[in-house]
Every structure is written in C-alpha cells, then in structure tokens.
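Model the placement of chain B with the ligands on the given structure of chain A, informed by the hints.
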Amino acid sequence: MGIKSLMTFRDAVNLALVREMERDPSVFVFGLDVADHKGIFGSTQGLVEKFGRERCFGTPLSEDAMTGVALGAAISGLRPVHVHIRADFLLLAMNQIANMMSTLRYMSGGKLTIPLVVRAVIGRGWGQSAQHSKSLHGMFAHFPGLKVVVPTTPQDGYGLLRASIRDDNPVIFLEHRWLYDISGEVDENETVPLGRAAIRREGDAVTLVCTSWMNVEALKAAEILARRGVEVEIVDVRTVMPLDEETIVGSVNRTRHCIVADYDWIFCGFGAELAAVASQRCFGRLKQPVERLGFAPVPCPTTRPLENLFYPSAPTIIRAVEKLLGLEETDLRGESFYSYEQRFKGPF
Amino acid sequence: MIRKKEALSLYQKLVLVRLAEETIREEYFNDEMKTPVHLGIGAYAISVGVCHCLPSGAKTFGTYRNHALYLAVTGDTDGFFAELYGKLSGPGKGKAGSMHLCAPARGLMATSAVVGTTIPVAVGAALANAYRKGSDIVAVFFGDGAVEEGVFWESLNFASLKRLPVLFVCEDNNLAIHAHASERRGFRSIPDAVRAFDCHLGIGDGSDLLSVAQNTRAVLAQMTRDLKPGFLHFTYFRFLEHVGPREDFDAGYREKPGPKEMARLDPVRRLETELLRRGVASSAMEAIRAEASAKVRRSAEEAQKAPFAPPAELTTDVWA
Ligand SMILES: Cc1ncc(C[n+]2csc(CCOP(=O)(O)OP(=O)(O)O)c2C)c(N)n1
Ligand SMILES: [Mg+2]
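In order, the protein sequence lines correspond to chains A and B.
Oh and the first sequence: position 123 is 123 in the working numbering, straight run, nothing missing.
Oh and the second sequence: position 237 is 237 in the working numbering, straight run, nothing missing.
Just chain A, same shape as in the assembly (with noise of 0.2 Å):
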C-alpha cells in the first residue's frame, strides 16, 4: 500500500527530490536561485537545511558553462539535477545540450552514461512576454539521445522526476508555471515510468492529445462539452521522447477523430509529430484530418488580451471539437474560464 497525500505540484517535485537525494548520495541540485529562499517557485525548498550545501547550490549566471559543468559531473558518476527558472535560458546552453549532452554516449561507442536531469519551468505567469514563456519540448526532443518529460500532474511531478533522475540518459523536464499551485494525490511509492501516455478521461467523441497545460484546458472544455453529450477523450502524453505512440493511436482508433493540442507553436512543433503518429498509424479509421491547435504564430505578447489570443486554451479546444464534429457552437457566455489567471498574481 502507497502512502497517499494530497499535496500540490510544487510540493511532489520538491519531494520527489528529497527521496532521491535521500536514496542516492551521488543525487545533488544545482543552478540559480535553487538554495535561495524562494527554492524556485518552492520547489527545492528545505534541499539545503537537509542535504547541505555540497548537494544543493546556486551558480554564477552561467548557463553554457553550467551545463558543461552537469554532463561532466555525470559522465564521472554523479547524478546532477540542473535547475532554471525559466525553459529560454537554456538556449544560452544548446551548445552542451545539442552537441554533447545528447551526443557523447553514442560517439562513445555506449561506453559513456549520462544521468543527467535538467529542469526548466516553462509558460505562462504575469506577463512573461516573449523571452520568458518558451516550452521548447518539440526542440529537445528533435535531437536523439535526449528524453523529454512534460508532467501535468502532481502525481506526474513526483513520480516521473524520480523515474527522470534514475534514467541513465540525459532527461530535459519541463514544469508549467502555472501547475505549481495545483493540488492532487500523490503515491510517494509510484515512480512513473518514461515513455508512458496517460488516458486523463475516457471519451468516444473525439481524442485529445495533450500536452502540459493543455490537458488542463482540455478539461476544462471536456466538462462544458459533457453537459450536451459530447464526451471528448483526453491523452496526456507526459513524455514527448520516448514517445507512447501506443496509447495514442488506441485512442483515436477507437474515437476516429484526432485533435492535438500542444502547448508549443504549431509550425515545426510537436504537435506536427503527433499529428503525423494518428494520421500515419489511424489514416483507415479517421473520419476526418487531424487537427492541431497550438500558440499562434507570433513571440509570445505581454498584454493580456493579446497573451489570451496567443494561447490555445478550453474555449479554443471547445470550438475546435465541435467544428471537427459538425456541431452547434455552444453558448459559452456565463462560462467562467483562466480561473489560473484570476488566482495568478505576479511580479514573476
């Protein structure tokens, strides 16, 4: 029996690290703002009181040679979590993450391992605008050797992060701002395997393949729809590489309608591999195109009216839903949507 407590996401991560730190000595966190007093969002607060400062620590603003620092600690036996508080930053490190990091194993011969994890928050907070707001999940998975976690839940949070840190490969995982505050329960002895597709909820209208804050979204508009029988089914893809394909295309051979919604820039995306996994793998079943919905086509706006038409959200999915199924718009007035917005307050 699981030992199960309701607790938030921000809560299952910082857990999540404490038993592995706990479990493995050679487990150690690092990067900006980790040991400060506000433990990135919360979520590696308490590391330094309980581990030290040897295995939780902040760096210089260094995010290149830092992650330089990571794979060389991990190619020596180490198991670094390398932290950043938000997903941009990282592109001051693709250097180490797209030329070493997701390369050395394989020009090794396989005789190197890489136990490495990089955190990085990513999405929406009080205006991020457009250097402050990218999910790059689609970008990391492109380059082989790198695995890619997006968790929604706070289950996810716990159990994928400790499955994350004892991969053996270098594993990108990817929070949503937004989610730290979420609360739900959590089994601190289920780890959650990579390369695992959840079903959020059973549905024979239409399949929606989620990722990160849109199954949040895509509940939120399953439950609108549900109130005139609509009832849509929700595939939370949690790990972008490895890919569960499996559940995926189960899913929609059984619904025969697709609509991806990644949370991600369509153009290029990921969203495009989904859509290519259901059309390629369904194409007898479908009833009609996949469709794809994702950030519109532009950097990522600071005003909120324009940030709400920027991303895709349950109103979007609800229109997209009953325009692949041919039905009436429903009346969406006195609907209450961004309840996140409405509890989010800033500065951050």
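These are computed hints drawn from the structure, not numbers from a lab.
Every residue gets a Cβ at the ideal spot worked out from N, C-alpha and C, and that includes glycine.
Check each hint, because a few of them may be wrong.
[What the hints assert, rightly or not] Heads up, incomplete: computed chain A residues facing chain B, CB under 8 Å, no partners named:
hint : residue
1    : A98
2    : T302
3    : T303
4    : L309
5    : Y311
[Unchecked claim] If you only want the chain B side, here are some residues facing chain A, beta carbon under 10 Å, derived:
hint : residue
6    : V151
7    : P311
8    : V318
This is chain B with the ligands only, laid out in the frame that chain A set:
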C-alpha cells in the same frame, strides 16, 4: 564640475523616474499592470547621469531593469505607463511590457530580459558606426550578474580588439536576485578584471548622480582622444526586491542599512542634500517635484483609460 543649473536639470530627470516608479508601487496591487516590474529605486542616478552625458546620436541598450533608462532617454511618461498597463499607445503596443521597453527613434534600441544578451548587440551597433566611419557611440547598461556570462567577456574582448566606440556601463548592486557577488564570483573585482582589456575604465559611486556624470564625461573624453571602448563601473544599493514593488529586508538574505546609510544610498536624497549645500532653495526642488508628480499622474491616468490593442494586433509586427 557640474554647475547648479545643470545639476537642477539632472534633479528634474532623476525625480521624474523616482515618482514614476513610486506610482508603479502604489498601483501595482490593483493587478492592472500585468507585467513583471524590476524597479530601480537606488539605481536611477546611473542611467540618468550617463544618458545626460551621452552625445546626441548615441544609441543605448539595456536590461529588464530599464525604467530609468527609458525615461532618461525619452522623458516619455505617457508611453511608459501605457506600456506598463499593456495598452496600444505604449511603445511596444503592450506587446513588450516592462521588461522590453525601447524607443529606437530616440536611440534606445532594445532592452532584454535574458541577462547579458544586449551586450554583444550593442557592440554590433558600434561596429556599424565604425564601419560607416561615423563618430556616434553606443552605450550598453547591464547588471553585475551579466559579467558572469561568457558573452560579456567575448563582447568586451571583441570591442577592445576592434577599438569600437562602445561604452559598457555596469550597474553593480552586488546582487543577482538574492545571490551576493561573493557567492558567484571567483575573482576579486570587476574593475580589476576589466583592466586587463584595452579599454578606458571609470569607477564610481552610482548613488551620487553628479559624480556619475563627471565620471562618464571623463571616460567619454578619453574615448574621443584615443578611440577604444569605455567601461564604467558604478556601485549602487537596490532598495526593493529583485522583481516587484515591495521591500524584502525581512527575507533574510541581506541587512537593511541604518537610516543614515539609507539616505546616503538614495540618489534622490543624496542630490537634494548636495543641492541644498550649494544654495538651491528647497522650494525650487519642491516645484520640480510637483511638476514631475503632475506629469506622472496624468500619464498614469491616461494609460489606465487607454484602449488595449485590438485582436488583429496579435499578428502584426512579426515580419518586415
Ligand atoms: C541568461 C539568464 N539567466 C538567468 C536569468 C534569471 N535572472 C533574471 S535577473 C537575474 C539576476 C541578474 O543580476 P544582475 O545582472 O546583477 O542584474 P540586477 O537584477 O541586479 O539588476 C537572473 C539570474 C536571466 N534572466 N537570464
Ligand atoms: Mg545585480
């Protein structure tokens, strides 16, 4: 030596920035400014002083902590507040927000929320000036944390190598978010490290506006006589939290200085004391403050009433 009249005009610019930021502090909790604000209370003397001395035609670049830079270059409180409130009449039509204010027509080319990223861009702008055999210079403002990024050293090296007309301005508050310099730097001093490069160095107290201006003039004069990059290093005290309108002395990572020290670290009070010493009547300063205050209030009110960008604006401005 800076004369009384000039000192008063500097006071005017300084007070405008201060009152604009105090207004943000008052308004922020109404949750209408949906943008992260990195306030510069304590820092203004650097942007105001340096920009005051830059020759006309100069270009500037900065960071997310750019309010003083924007207002020092433009004086445009209307555009400033409009952008903070996310309105169409802001310089970025609300697309930019606080962290990306710019005014290319006035020479403020770009500010960035990714630390260190405007430094090489400023060097490129200086390269363009040198390429065209122009005499304009470029100034780039950045925090002490940016010095830890490789791109800072690469840019300084290239600029020194090519003798480019670029002025590096390091605004050193000894902090990167909550981390003190001693936790981040394996070398003793930024000026000492910079001395190894072929550039003109000026060092000063960034809380003292008049000395900032004097230091800036001295380095600009050296750059004119002997063309090489300039490097200004100014220390200052950050009064508020890294981002947001509050003080955070209770967070435990630093001490609150005593009242006398606070007065010395506050560029506005520092300048007021100096002006009084020079025989400026406090009523003259009061009048400047009242005028600035009215201007700021008007701009903030206008911005609150102004319309947001219409939906069609989402997809404009992406492509030339
Ligand atoms: C490349 C990069 N890494 C990390 C961050 C997160 N971050 C934002 S501000 C900041 C501190 C920067 O300190 P400094 O350059 O001294 O500027 P200050 O905020 O003190 O003005 C950090 C680490 C960032 N914006 N960009
Ligand atoms: Mg600093």
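Hints, verified against the model:
{"no.": "1", "hint": "A98", "in the structure": "violated (17 Å)"}
{"no.": "2", "hint": "T302", "in the structure": "holds (3 Å)"}
{"no.": "3", "hint": "T303", "in the structure": "holds (3 Å)"}
{"no.": "4", "hint": "L309", "in the structure": "holds (5 Å)"}
{"no.": "5", "hint": "Y311", "in the structure": "violated (11 Å)"}
{"no.": "6", "hint": "V151", "in the structure": "holds (8 Å)"}
{"no.": "7", "hint": "P311", "in the structure": "holds (6 Å)"}
{"no.": "8", "hint": "V318", "in the structure": "holds (5 Å)"}
The earlier numbered hints that this structure contradicts are 1, 5.
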